[in-house]
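Trainee: These are the residues of each chain, in order.
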Amino acid sequence: MAEISTFQSDPEILTRIAALKIHATRLVEGLLSGQHKSPHKGSSVEFAEYKDYSPGDDIRHIDWKVVGKTDKYHVKQFEQSTNLKCNILLDASGSMAYQSPFKNSIAMDKADYARTLIAALSFLLLKQYDAVGLISFSDRVTDHIPPRSKPSHFQPILYSLAQTQFSGETRLKHTVEELIEGLPRRGMLIVVSDLLSRDDDVLSTLKLISSKGLEVILFHILHPDEVLLPFDGDIVFESLEDDPPVGLDPVEIRQKYQELIQDMIQHYRHHCPSLGIDYQFTQTDTPLDQVLRYYLLKRRSLFKA
Amino acid sequence: MSLNFLNPIYLLGLLGLSLPVAIHLLTRRQQTRLRFSAVYLLSQAQKKSIRRSRPNRLLLLLLRCLALAFLCLALAHPLFSMADQSDLLPDQPTATVFILDDSYSMGAKSKDDSLYKNALNILDSFLEKMPGTHKVSLVMASDPPRVLAGWTGDTSDLRKQLRSSRPGFQTTNVGGAFELAMDLLGNGPEGNKRIFLLTDLDENGWREEAFPSMENQRVLVRVLDFSERQSVRNQAAIESVVVSQEFLTHSRMVRIRYTVKNLSPTRPLNSANASLWVNGNKQSEETLSLKPGELLTKEFTFPHLGKDRLSGFIKLSDDGLLTDNKRLFSYQPDQRLKVLLVDGDPRGVSHQNEIFYIERAMNPFSRAVSDIEPHISTLAELTSQDLLRFSAIVLCNVRQIPFGYEQELERFVSQGGALMITLGDQVDPRAYNEKLGGLLPVSLKTINQVNRNEDPFRVRAQASRHPALKVFSGKMLEELEHVRIQTFFSLEPKPGRTFVVPMQMTHGEPLLVESDFGKGKVLLYTTSIDRDWNNFPIQPMFLPWVQRWIKYTAQSLDAITRKDLHVMESIELGDNKDDWWVESPTGKTYRLRTINNRLPRFEETQTPGVYSLYSAPANEKTDSQETVDEERTLYDKRPLSAIPAGGFTVNIDTRESTTEKIGESKVRDILRGVSVDITHQPDLIESASLDAGFPLVTPLLLMVALALCAEGWMVRKE
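Heads up: the sequence lines are chains A and B, in that order.
Heads up: the first sequence runs through residues 1 to 305, numbered per this note's numbering.
Heads up: the second sequence runs through residues 1001 to 1718, numbered per this note's numbering.
Just so you know, these hints were derived from the structure itself, not from any lab.
Here the structure is a predicted model, which is why all the values come from computation and not from measurement.
Mixed in with the good hints there might be a few duds.
Stated by the list, open to error - When the alpha-carbon atoms are kept at most 20 Å apart in a straight line, the in silico EDC-like pairs for lysine to aspartate or glutamate are as follows:
#1 B:K1047 / A:D57
#2 B:K1047 / A:E259
#3 B:K1047 / A:D285
#4 B:K1047 / A:D234
#5 B:K1637 / B:E1711
#6 B:K1047 / A:D232
#7 B:K1047 / A:E252
What the hints assert, rightly or not - Here are some chain B residues pointing at chain A (derived, C-beta under 8 Å):
#8 Q1031
#9 T1032
#10 L1034
#11 R1035
#12 F1036
#13 S1037
#14 A1038
#15 V1039
#16 Y1040
#17 L1041
#18 L1042
#19 S1043
#20 Q1044
#21 A1045
#22 Q1046
#23 R1347
Don't be surprised by glycine CBs; every beta carbon is placed ideally from N, CA and C.
Chain A with its partners taken away, still in its complex shape:
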């Protein structure tokens, strides 16, 4: 209940984000028409082009008029607007529950930041009549809301977000293996995580999803405390997951720690594009609209290209 009470679905943010549109870079299959273009050529109202018939093509799409004129079999192809089926994967592990000890920090808590981000994305997608689903996971799937495109679907998502308990270890691979069969063959998968896991297979797991045909967007969220380690003094760091506590003076290892974090970010930033994954790193002191705007603009430019 504490989590619910802390959840704030800021209307101002939601309205600001509503001005932006997500333009998927790939055509996705969908039942609902929308602003997304389907990559699949099929029966639609808007003709796209002809292509030579090849066995297996639906004979209903053969343009018999062209056959009569040219005696060649051509199949009509249509550009069809489809609605997107998007699953949002929320890392609900213990590490996401980190709360800064600095009371006057302008940075949001990671959990709140992730919830807001997901709510905004969900709202945007639902407003475009895309289907949105939410999967929360830690070492296993803790909550699963299948994608729906009804605007009212926003409420269950909000509710799920509000009641998500952040605890346990991050096991993305295990989760994906559990979900992979149930995921649609087309669509989008948005992963919101701090990626703080000993599991080195995050990229290979995401590659598995990407290779299935899903467009993967990875939001890598870290609190500034986790990037900069701004603490001082003798501190016993107790893990939010299952790691043993470590007592040290952060000053001694700050530099090395920052190097490790930056290495991790660079690692994802470098490898994700080659796997067809959109990687977006963000700190929780970055305004959400700025992050989303930047990201969507980037997506649009890619789409246009």
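Got chain A sorted already, so can you dock chain B onto it with the hints?
Mentor: Chain B only, in chain A's frame:
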């Protein structure tokens, strides 16, 4: 196994450990706990960080405390030993007699200092650790053994006394010391009776007959043998030094004959240096080589015309025991004796004078090379002479002494002067018998004369033990047979008078009569001292014969001076109207006096050296320091009026120098009947003592340095 501290007061410094602890607690930063997400990254960062070895503050604190603790421990001078001392200091009360061998052989060099010092250290630690319930007493084993301290539980005074003690110059008498120890134990307190003997097991000290019977005695004897700690071998000792001076030569060579013994029965002694020191200056030196066990006699000679007393020593090059490398001597060259020759028959031609031959015999070269200085006087001049200036008076063929002069002569002789009377044709026997009746023990009877065709009288030539004649032997005695005596006085003993006849003629008539009168001597020569009645003055023997008799009767003081005593040997001084004063080499002065007609004895000869003898009137007084006994009193200095009267030397008894050690079985045999434990490694025992064992100062200081270096390095890293 034990750990002892020489300066335990410094252990209080360990309280200072609270200082770094307090500083640590006061400056300790509060440790906070924080729930964090990327703990595994922190761990990785900590492992990879170069500064991950930054010191733990606790480790720093530990190092600082260790440095301080090591420093305090080092200052406390800890000594570690593996030895167990439970058998030395049992729980039950004990009555322990420590016998400390303080003979001079214990002065042999050891690694630290000397065997005696080693023994003293161990004894001191025993005494220090001995609780009050344990009673101890101490017997010193040098001859004569003595009890230094009776039964006591408080050893502090005894320890103080021991600390300043040194080995003596005496030999060892372990047997006597055991006798004293057994007496002490017999009258001592209850408890386990024990005897601890600290010695070098020198064979000389173990004469079985000196030991008391130890049968059926419940005594534990523990012998701590220090001989193995001797670091340098005792190679040689000077056994004796004899000084003599050539007689009747221009140079008056002094001969110093000394005997050196190679103490090793197996090893030769090469290139040993022997030097002669006279009156503080090195006179001469030479290099000796001795075969194993050899006793070598060598001689130093040097001319000495003076009459001053010589004192010095022969010194060998240093070896393991210095005491026996030096032997002192003292020599008083013959004193100049003034002799008054009274010529009773002077003639116009000198060689016809009665005293012609005797004068030349006394001073043969008419120069001051002889120590007899004759003064010639006629009978008429006699009364004007001051007799006290002379040591001896010779009346040569004097008809009769001046009227009333016999009393002067008697006083002269009774005070120590010598009177020699030679007869002749001028002599009036009746006057002699009347006036000199007190001085002469015999009466002159008749003149015996041989005719020309008769055989002359001869002297009985036989070796004599008389001090004046003992040097004449062999060829010189044969020469005596050549003496022809044509005329002599026959004598008749006076009743009740004692005299000796050192020389007589072949038919039994005395040639020479010697008698004492007071302190002096009277000689009567029954024939003439010139050639009128005999031919003795032209015999070679005449000269030494005259000189010896003059010196003998004048009682030359070298008789005492030439005495060479052993340490602790007493000397009986002659009868003296005045008091004797003896000045020891240590500067102490003793006054000796005759009590109840007992001749004074001097017994305080503990120190080798030259003891000077003085004579001073009995009424002389100076501040008395300490009365030793009725006969002897100890003074700071001799009275100003004291007259030098010679001296004597005291040297060590070299029997103690022997390198032979008594075997363990022999010791057990001598001490049969009691339990004997012999330890040849007193180091192990020593480690039970406070100032013995392995010193840990250096390792601890190294630890301090190490801890400080480590601390500095860690702080610098921080």
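Trainee: Starting from the hint list further up, note which numbers the structure goes against and sort them upward.
Mentor: As far as the earlier hints go, 1, 3, 5 and 23 are violated by this structure, in ascending order.
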